[in-house]
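3 is the number of the first residue of the first sequence in our numbering; add one for each residue after it.
What the hints contain is simulated information worked out from the structure, not anything from laboratory work.
A couple of the hints might just be wrong.
[To be verified] Simulated restraints, written as ranges between beta carbons of each label pair:
1. S442 / R72: 48 to 58 Å
2. P9 / G248: 46 to 56 Å
3. L365 / D164: 47 to 57 Å
4. S442 / Q268: 42 to 52 Å
5. G183 / L17: 49 to 59 Å
6. A262 / D299: 24 to 34 Å
7. T32 / A378: 22 to 32 Å
8. R381 / G320: 48 to 58 Å
9. H189 / R381: 54 to 64 Å
10. A123 / L365: 44 to 54 Å
11. Y38 / G302: 18 to 28 Å
12. T245 / P42: 38 to 48 Å
13. L17 / G56: 36 to 46 Å
14. N361 / L28: 39 to 49 Å
Computed from a predicted structure; not experimentally measured.
For every residue, glycine included, the Cβ atom is placed at its ideal position computed from N, Cα and C.
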Amino acid sequence: MSTSTQPARGMRDFLPEDVRRRAYVLDVVTDVYERYGFEPLETPAVENIETLLGKYGDEGNRLIFKILKRGEHEQTGQADLALRYDLTVPLARVVAEYRGTLPKFFKRYQIQPVWRADRPARGRFREFYQCDVDAIGSTSPVVEVEVCAAVSDVLERLGFGDFTIRLNHREVLRGLLDGAGVPETLHDTALVAIDKLDKIGASGVVEELVARGVGPGAARQALEAFTATGDASNEAVLARLSTQIGSHASATDGLHTLRAILQLSQATSAGPLLRLDPSLARGLSYYTGAIFEVAVDGIGSLGGGGRYDNLVGMFSSGSVPACGFSLGLERILVVMSERGMFPASVTRSSADVLATVWNADALTDTLALARLLRAAGLRVEVYPDADKIGKQMKYASSRGVRFATIVGDDEQAAGTVMVKDLTTGGQTPVPRGEVAAWLSRRLQSQSA
RNA sequence: GCGACUGUAGCUCAGGGGCAGAGCACCUGACUGUGGCUCAGGGGGUCGCGGGUUCGAGACCCGUCAGUCGCCCCA
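Please work from the sequences and hints to get the whole structure.
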């Protein structure tokens, strides 16, 4: 079997039903984001490669889709452009470029595809959409809270009832690692191991830490600092972290921030959903403060985010505070499909009515009838050939269209349209002037 | 990037050296003004690709590409 018609590896075609599902979710996402005062932004699919390199850590550099130099440089294998890897770095570039003209607090949402040269897996692709919200220009924990609240609203509107937002802070993590005696050069690699706690267990994390160069004693101590024992309430975790951190200055600041976020969030939809989780690390290296990840029970991450106060500064002088959240559209769609969470209106058929064509001479009349119905807001598909009526009915049935119109010799003479309801099999002659209203009424009563 | 498994009709898969198959889907008819159900018939294949072994390869061997699942990493 030829494989040449398959899309490129990790890429997907979206057939009509797929597009409807995606559009439904994106409608909800944009509506919620707009309500929080975020404005839309779009950036190019392609960035200069220097814009992206060094922003995502070593693993990130490897996964960037690079575009080779064109023309005479083609043979060198050198890349000067790359496909967008996420939406956060392009945002930082935009902020640096248009700093003078953007509002003091620039709140933007961005829903576009990103590309990663990763190995495709279930719910994971090389081209996928992210739905980002970010707020630039404020260090206030209000930003963290609003961003989490927006994400909570989105998931609730989509019908998710069993998700939590895990919350942690990069400086608290560093403080805990310092306290355990893990050298600073090993912090990043240690966090990757600790992030796997719920996957490989406590002993697995210790093994992994040692494998990554952390001394056995420090590894054990670090694990102890991160492992939640006993009371897992936010209050209890805060208290425990406070004693573990002691007088560590930056970690104490981080803890204050976490406390503020938890307190402020009580006034928002995110309040009951935030769970302080010391083992949350997150991969991207540009986070500097609070970090969060939204997870559905038994499924895993639907998205994440955090504060990155130094990223914009990598494109211009001076630091510009920033914080945001990114929802993974594909993960959301996978879970919603598995759970049958789409409303019937999303999976409905392409048309309300199929206008059958009696014979070649009736084509004009069929088109005129379709126009009449469309003007009334109905979705009408015209059968293009004068096939046998049975064949046209079969087509209507296979397309899931509810009504079919037939204008044969008898109807033509009587000035009526025969309307067949495919769901019941019954049919009714309706005066031509009343067909549109008649059909609209039936369709409305059904969908209501 | 590393390891394991799988590539045969549009889809799901059987066949493991001797004529290329089944179910579903599709098309035609039974049904000259009507879909679903039933019955009868029909079309459809570079057996992923390249090489090798053999009188003979879909099957065995080597390579390659693609897919799936772990590892790694991530949304």
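> Should the hint that S442 and R72 are 48 to 58 Å apart at their CB atoms be regarded as holding?
Replying inline: holds (55 Å)
>> Between the beta carbons of L365 and D164, is the distance compatible with 47 to 57 Å?
In response: holds (54 Å)
> Do the Cβ positions of S442 and Q268 conform to the proposed distance bound of 42 to 52 Å?
Replying inline: holds (47 Å)
> Would you say the C-beta atoms of H189 and R381 sit inside 54 to 64 Å of each other?
Replying inline: Cβ of H189 to Cβ of R381: about 58 Å, so the range 54 to 64 Å holds.
> Does 38 to 48 Å hold as the CB distance between T245 and P42, or does it fail?
Replying inline: holds (45 Å)
> At the C-beta level, are A262 and D299 separated by a distance inside 24 to 34 Å?
Replying inline: Distance hint for A262, D299 holds at roughly 27 Å.
> Range hint 22 to 32 Å: satisfied by the CB atoms of T32 and A378?
Replying inline: holds (29 Å)
> Is 46 to 56 Å right for how far apart the beta carbons of P9 and G248 are?
Replying inline: Cβ of P9 to Cβ of G248: about 54 Å, so the range 46 to 56 Å holds.
> Honestly, do A123 and L365 meet the 44 to 54 Å range at C-beta?
Replying inline: holds (50 Å)
>> 49 to 59 Å was suggested as the range; check whether the CB atoms of G183 and L17 agree with it.
In response: holds (55 Å)
> Would you say the C-beta atoms of L17 and G56 sit inside 36 to 46 Å of each other?
Replying inline: holds (39 Å)
> Do the Cβ positions of N361 and L28 conform to the proposed distance bound of 39 to 49 Å?
Replying inline: Holds, at about 44 Å.
Going down the numbered hints, you'll see the structure goes against none, and every one checks out.
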